[in-house]
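**Student:** Residues per chain are reported as follows:
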Amino acid sequence: MDFQVVVLAGGNSKSLTPLVSKDVPKPLLPVANHPVLYYVLHQLEESNLKNLIVVVEGEDAGLLVGAWISGTFVDRLHVEIAAVPEDIGTAGALRAISHYLTAKDILAVSGDLVSDVSPGAVAATHRRHDAVVTATLCSVPISGSSELGSSGGKDKTKKPGRYNIIGLDPRKQFLVHIATEVEKDTRLQKHLLHAVGQMEIRSDLMDAHMYAFKRSVLQEVLDRKDTFQSLKQDVVPYLVQSQLKSQAVLSGIPQAEEDGNKKVSFPNNQVMVSQILANASTPSFHELYSMDPDGFAQTRKTHKCCAYIASSSSYCVRLNSIQAFMDINRDVTGEADHLLSDNVIGPSPKLGTKTTVGPHCMLGEGSEMGDKCQVKRSVIGRHCRIGSHVKVVNSVVMNHVTIGDGCIIQGSVICSNVQLQERVVLKDCQVGAGFVVTAGSEYKGESLARKEK
Amino acid sequence: MDARRMSRAVPRVRQVGFFTPNTPAQQPQPQSAAPSSESPPLSDSPASNSLSPVMIPPPRHLSDNLGGRTAAVPVPGRENSGELPTVGSYNPSESVLWLDSPPRSRIGDVELSEGAESSLGWYRRSDSAKFASSLPSGGFNLSTAKHPESVAAVEAKNPLPEQSEAQKEQASSSKPLKAKTTKAERRALQESQRAAKAASRAQANKSGTPGGASSSKPMKQPPQKKDGPPVASSIAASERIGVDWSVEKERKKDLPPPRKQFDDESRGGRAKRRSVLNQPEARNRVELFRHLPPHKNGTQLPYLGSKFFELHEKHPAVYKVGLQYLAGDLSGGNARCIAMLQAFQEAIRDYSTPPEKTLTRDLTSKIGGFVSFLIECRPLSMSMGNAIRFLKSRIARLPLTLSESEAKTTLCSDIDRFINEKIVLADKVILRHAATKIRDGDVLLTYGSSCVVEMILLYAHELGKQFRVVVVDSHPMLEGQKLLRRLLVKGLSCTYTQLNAISYVMHKVTRVFLGASSIFSNGTVYSTVGTASVAMVAHAFRVPVLVCCEAYKFHERVQLDSICFNELGDPDAISKVPGRVDVNYLDNLTDKQKENLELLNLKYDATPSDYISVIVTDYGMIPPTSVPVIVRGYRKEYLLI
Numbered sequence: 001m002d003f004q005v006v007v008l009a010g011g012n013s014k015s016l017t018p019l020v021s022k023d024v025p026k027p028l029l030p031v032a033n034h035p036v037l038y039y040v041l042h043q044l045e046e047s048n049l050k051n052l053i054v055v056v057e058g059e060d061a062g063l064l065v066g067a068w069i070s071g072t073f074v075d076r077l078h079v080e081i082a083a084v085p086e087d088i089g090t091a092g093a094l095r096a097i098s099h100y101l102t103a104k105d106i107l108a109v110s111g112d113l114v115s116d117v118s119p120g121a122v123a124a125t126h127r128r129h130d131a132v133v134t135a136t137l138c139s140v141p142i143s144g145s146s147e148l149g150s151s152g153g154k155d156k157t158k159k160p161g162r163y164n165i166i167g168l169d170p171r172k173q174f175l176v177h178i179a180t181e182v183e184k185d186t187r188l189q190k191h192l193l194h195a196v197g198q199m200e201i202r203s204d205l206m207d208a209h210m211y212a213f214k215r216s217v218l219q220e221v222l223d224r225k226d227t228f229q230s231l232k233q234d235v236v237p238y239l240v241q242s243q244l245k246s247q248a249v250l251s252g253i254p255q256a257e258e259d260g261n262k263k264v265s266f267p268n269n270q271v272m273v274s275q276i277l278a279n280a281s282t283p284s285f286h287e288l289y290s291m292d293p294d295g296f297a298q299t300r301k302t303h304k305c306c307a308y309i310a311s312s313s314s315y316c317v318r319l320n321s322i323q324a325f326m327d328i329n330r331d332v333t334g335e336a337d338h339l340l341s342d343n344v345i346g347p348s349p350k351l352g353t354k355t356t357v358g359p360h361c362m363l364g365e366g367s368e369m370g371d372k373c374q375v376k377r378s379v380i381g382r383h384c385r386i387g388s389h390v391k392v393v394n395s396v397v398m399n400h401v402t403i404g405d406g407c408i409i410q411g412s413v414i415c416s417n418v419q420l421q422e423r424v425v426l427k428d429c430q431v432g433a434g435f436v437v438t439a440g441s442e443y444k445g446e447s448l449a450r451k452e453k
Numbered sequence: 001m002d003a004r005r006m007s008r009a010v011p012r013v014r015q016v017g018f019f020t021p022n023t024p025a026q027q028p029q030p031q032s033a034a035p036s037s038e039s040p041p042l043s044d045s046p047a048s049n050s051l052s053p054v055m056i057p058p059p060r061h062l063s064d065n066l067g068g069r070t071a072a073v074p075v076p077g078r079e080n081s082g083e084l085p086t087v088g089s090y091n092p093s094e095s096v097l098w099l100d101s102p103p104r105s106r107i108g109d110v111e112l113s114e115g116a117e118s119s120l121g122w123y124r125r126s127d128s129a130k131f132a133s134s135l136p137s138g139g140f141n142l143s144t145a146k147h148p149e150s151v152a153a154v155e156a157k158n159p160l161p162e163q164s165e166a167q168k169e170q171a172s173s174s175k176p177l178k179a180k181t182t183k184a185e186r187r188a189l190q191e192s193q194r195a196a197k198a199a200s201r202a203q204a205n206k207s208g209t210p211g212g213a214s215s216s217k218p219m220k221q222p223p224q225k226k227d228g229p230p231v232a233s234s235i236a237a238s239e240r241i242g243v244d245w246s247v248e249k250e251r252k253k254d255l256p257p258p259r260k261q262f263d264d265e266s267r268g269g270r271a272k273r274r275s276v277l278n279q280p281e282a283r284n285r286v287e288l289f290r291h292l293p294p295h296k297n298g299t300q301l302p303y304l305g306s307k308f309f310e311l312h313e314k315h316p317a318v319y320k321v322g323l324q325y326l327a328g329d330l331s332g333g334n335a336r337c338i339a340m341l342q343a344f345q346e347a348i349r350d351y352s353t354p355p356e357k358t359l360t361r362d363l364t365s366k367i368g369g370f371v372s373f374l375i376e377c378r379p380l381s382m383s384m385g386n387a388i389r390f391l392k393s394r395i396a397r398l399p400l401t402l403s404e405s406e407a408k409t410t411l412c413s414d415i416d417r418f419i420n421e422k423i424v425l426a427d428k429v430i431l432r433h434a435a436t437k438i439r440d441g442d443v444l445l446t447y448g449s450s451c452v453v454e455m456i457l458l459y460a461h462e463l464g465k466q467f468r469v470v471v472v473d474s475h476p477m478l479e480g481q482k483l484l485r486r487l488l489v490k491g492l493s494c495t496y497t498q499l500n501a502i503s504y505v506m507h508k509v510t511r512v513f514l515g516a517s518s519i520f521s522n523g524t525v526y527s528t529v530g531t532a533s534v535a536m537v538a539h540a541f542r543v544p545v546l547v548c549c550e551a552y553k554f555h556e557r558v559q560l561d562s563i564c565f566n567e568l569g570d571p572d573a574i575s576k577v578p579g580r581v582d583v584n585y586l587d588n589l590t591d592k593q594k595e596n597l598e599l600l601n602l603k604y605d606a607t608p609s610d611y612i613s614v615i616v617t618d619y620g621m622i623p624p625t626s627v628p629v630i631v632r633g634y635r636k637e638y639l640l641i
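Order-wise, the sequence lines are chains A and B.
When you line the first sequence up against full-length UniProt numbering, it's residues 1 to 453, in that order.
When you line the second sequence up against full-length UniProt numbering, it's residues 1 to 641, in that order.
Wrong hints could be hidden among the right ones.
Said to hold, decoys possible - Label-pair ranges, simulated between beta-carbon atoms:
(1) B:N584 x A:W68: 50 to 56 angstroms
(2) B:N584 x A:L193: 39 to 45 angstroms
(3) B:Q481 x A:D185: 35 to 41 angstroms
(4) B:N500 x A:S312: 52 to 58 angstroms
Quick caveat, the hints were computed from the structure, so don't treat them as lab data.
Glycine included, every Cβ here is placed at the ideal spot set by N, Cα and C.
In isolation and in its complexed conformation, chain B is listed as follows:
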């Protein structure tokens, strides 16, 4: 990337979401624009809501460093999102990073107004978007807006990577130059914001509902604020105002509603109306993860079943796949993606354009309906999101001259090609690459059940390599046992252990092979929960960690934690041990006792790129830092095929 863009991106990023009171960089906002345009939307935006509970004011140098590190990120997203048919005219990633601090490098009037406008645009966009999970780019926004604090957390714990040193220097060198220009101006602005904030706080106290819009965080906030000096961070101020703004609405309700991934009331209502399934109530869920959609467990199955014949618009094949997702009969990124694509293929084959409609538009909306149905059954995996995007772009790019049958066959063969090239062929290439890393006498460790890793192990075994496999598993899925069975059937020698014993087996291991659900642009690996622990232990034991992942699962999103975007599993699954009646300690609790129990069954976690030695993908073996390059190149490629 060129130097100009880098220098622009740096200041933007490092300011988002932090409550660093004395940073002069916070203030450069035009007095007129700041409170009026930004404050109200901020209050109900998920970003500002979820910032507070994990507020960790980072030391200065860390935030600089973070800026340098993440500076590389927005570029691919920004470039590509413009090409997306689903994204509006505003670039979401860009506007998120701008959020409340227009670039300091050029503080001309033009630049400032652009910053304000873009942040507005992002909010407008988020209003019109459906829930975050339905639109990959929407989800991207949410998470990017939240990163910084978790970056800080991660960075604070980790040794600083060397690669960011240079960028850090660059950032710090460019700072005084910018700060010179309008120091007085910013000071004035800061003063005014302090005043505004104090006034709003007084108002909020008077109104008697310190909680307000978001469930419980604002209650925690005030003491935190009062400890320090009267901070005038623009976010806090706007949040205050936002609280006041929505207090009227919320005051009548006794309990504050749980936060959802879609915080807008009307949008949530719309989603509920549209949804096929009942939304289970949000009780006894862990506060920090309450924004995630609740798990739809098997009890929804009869309900969905009883509506079997009423959902005419859902194609039977799609319906079947949805049922399988819901019942948990089908899991695994690749399998779910293939099943979905095959169902779509079948639906396209049976499709006929209604009169007075064009195939391109009608089919797109139809596929959209299918997708939202599947999302209701289970949140999409990243791989599926990419596949859907591919399919939609193929539909959009169909030449108008094609007849309906031709268009349908084109689409079907496109889907076939996607499955063959992006999944099957990619897997074969990954096999070849990864097999070169297996030597005789190796002890390979794998976690859970990844289909690529399984293929690698079997392939290496067929090549005649002598190695042992350690299969690490964890409750409640116990997917490793399935893998174990298949490996043993093939005659591999295996060790089976649970995740909690990993530190004891790790010192014998020479390689760790992991699968991934997705890999983000910053190299973070998003995978089955437990993967991060395995990678960290391996890192501590200096065992190389190889992550095997097809390139179609790469995502341009940047994610630093597993909190903001995740999936909740069945909470009952972890409280019960199947087949063990003697350990049902939780069964006899009374309802009153159970009120204090919160069960958390997370499905995924994020492994920071520091713990990953190499990513084996269909483009070869790459370091985690090279992911953005592939994301960018790949995006272009699959839009063009």
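In isolation and in its complexed conformation, chain A is listed as follows:
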């Protein structure tokens, strides 16, 4: 279908600091015992997209991710791993691999997207409108705000007052305005509003970071605008804003070039054909705007920015904060369990007597639990050893974790190879990989990580 897929897997993420580290880059962060990248690749594989480019920030991370992909999808996907320098942003990453891109359209997917939105539908919308960019929008997960109370203290100060403002045309097909992370106010363009006539402003939609780009335009924008760092914050808003005045920058768009010399008698054949086609189709505001006030010739250049709005029933969350990480873990084991193809409970967990595992839980293979444990709404990784009288609620425990007797863990994330000694009480904590929590300590809302050597 002449589409190239680029998965922007990222590398180290600051917002997930204690969870991700050098050994566990963000793409490999386990969500319900699968690396987060697995969800994207699985989704793409289901859509029969087998040739992918995965862009990872940092050489080491690239190696790790590459090893994992080749181990997991060995003969199912054909993946090229491209490692790019760190901190160049999503746009920078695309710029770096620009010479690999050859297809007509590019589908850029963020590697931290956990969703069941079909990439095909986005691509189909893109093709149907012959758009320059198509952004996938999905409704903001409700749980994000409702669970705010239990989230880490850091998030609390950051969250409120930030909105994604998205303006749509009345038919909800085109993007008219997009502004992310708006603090107080945003500027609308008058001429755009004038052309559209009516605009629907939504703040309940979220940019899912799955974009379809027209390659020629994307490359041109990336080339011209060196300062653009992020697709979401720079490139897409730029394209949306300039959609009615495609400048020389976008001259690469194959548009019906028409000469001004229209004679009174007959326009030439090509013009006539394109005019028949244009007249037959439902004109979007772009076409209406691009027309001369008095004629048919398109004098102003425009391009279309489409929006694909995922249905409210589909699941779509980005893993970009610890809170999101918790939510995704809970949802994947719970309501959105169709995202996982394998079963939830591993083959051989050893449970002690009177140990209860509630619903929406996941136990990895080879984990052992002592007597009288309680596990509720939690994910426990592979090969964990949990002593007796341990309570795990609303938490994520990754692989190879040792938990001593009598620990109480609530709303926390415990990374791999952590050792919790006896009677540790953790509430809303994040424990970095390899950390050792001494016996009897109590923490609340803290982020514990090993000091870098």
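On the provided structure of chain A, position chain B as indicated by the hints.
**Tutor:** This is chain B only, laid out in the frame that chain A set:
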């Protein structure tokens, strides 16, 4: 046409599908052949099924007249269909017209067996054919088989055209001569058929399912039959038997399935399996139009979209065009045809012959796959059907010596030439012709949004003629507004009105310009729904009606009504008024109340040729009766280029 063919065609036509009980002409069938060979296939053929609901036994002279009128029709079809690569060895149009009554003129044994065989052949053909819309000739069969009753309806309403008078005389004069020969024989046959029918009816009553194979018509039928004398029409008899034959199959199901354009179960199943889209269920659809494929509305769009990457064999360009059809982004015969051809052109450019296959055959099947995909998105227009036929014939006629790249460039330039000559150039010629008919001070009326009419208006305006335009429009498409906008931008003075006010504006109008989706051999204009009303009102007001249509849209099919072949639009579109929240009277109905609601949104209608003054085409301005000549000449021409 020569006299011999005429005299042969006349008796055939006038007997098809009528239940004229006392016509002696019904019976000349060999006793052995009739029940065994014809009856079973008839029962599941769409022709026999759809006959019944609109059964209007016509008066004798009308049917004679009809015979005379339609006698001209089969000839071009018959001659040309033989040349078609897609059509089998049997001539479909011929065999349809034979259907159940072999020619009376020569009732020798040879002739009779030929008649039986040809009708068999037609059924065999229809079995092997895909759905009707995929093969233009297949669709042709269906509709031709159904005409007569609607002809009768049309004829009964209309004043008789003068031109048919002579033929009528001819037909009636030739009748007694034929009837003489085997009157006794036919009487015997009639008796035997009566007996057979009575027996079958008894059987059907016993089996307890008066409905049977076809959804509800047979239920309506019996009372109708019982009123009259015990009729022994061969069709009815065969239908009875057919009912029995399929009763076993259908008895288990509670609800009879809706009639489709493909009635054969296995064929329908095959089509469903092959189809990319979900078939929407056939609920709340008007009974009379249930044979038409249901509208695939926008809800199919996400489904098709989610399979975007799975349909490898569909070329992206074709896919895009299909999506645009489905979403309604692209409409209009010319535009759809051009878009399709350009997509095919792109697909051909990217095509490479797989190993161990020849380009001619593989490309043909590939194009066929594209076409069936496009049909699923929206039924083809006539223009597209003709264009596809052209393309396929070009592929078939490629010299074997050509290399692959040469063949591809040849095909691409062929497509270009088709677009340029048959559409663009044709439009220009039509402009010139039509502009001569516009005089200063004229008030021109047009309906909907036809691209040719628009060009004519603009051209005449550029020539400096002074005229006014009345744009008539109708819900739910409101295409006229688009046209209106473009005209106003160009500085024409316009009046805009809705279709229901047409009688008030018509008396000021001096010319009516209409576009057409297709024109059939009998001069019937197939166009956007509402066109017929406009033409009829204009006719009543004695305003000349000019239909502007490129010759590539002409079709050899004969169609007399808009029932048997049509397209259904989105039923929700007519129940909702966009932008008006205050008129949503239908929204609050409960599901139970909605059960009794049937929405009908037809896309096309057929305008009888009587209401059309002249057809402006690229061959000049012609009367509707001359369409077959152009169809014939045109067919030869484009097969030869």
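**Student:** Now tell me if each hint is right for this structure.
**Tutor:** Results of checking the hints against the structure:
Our hint of 50 to 56 angstroms for B:N584 and A:W68 holds, since their Cβ atoms are close to 54 angstroms apart. The beta-carbon spacing between B:N584 and A:L193, approximately 28 angstroms, falls outside the hinted interval of 39 to 45 angstroms. A beta carbon spacing of about 38 angstroms between B:Q481 and A:D185 agrees with the range 35 to 41 angstroms that was offered as a hint. Between B:N500 and A:S312 the beta carbon distance is about 40 angstroms. The supplied range of 52 to 58 angstroms is therefore violated.
Of the numbered hints listed earlier, those contradicted by the structure are 2 and 4.
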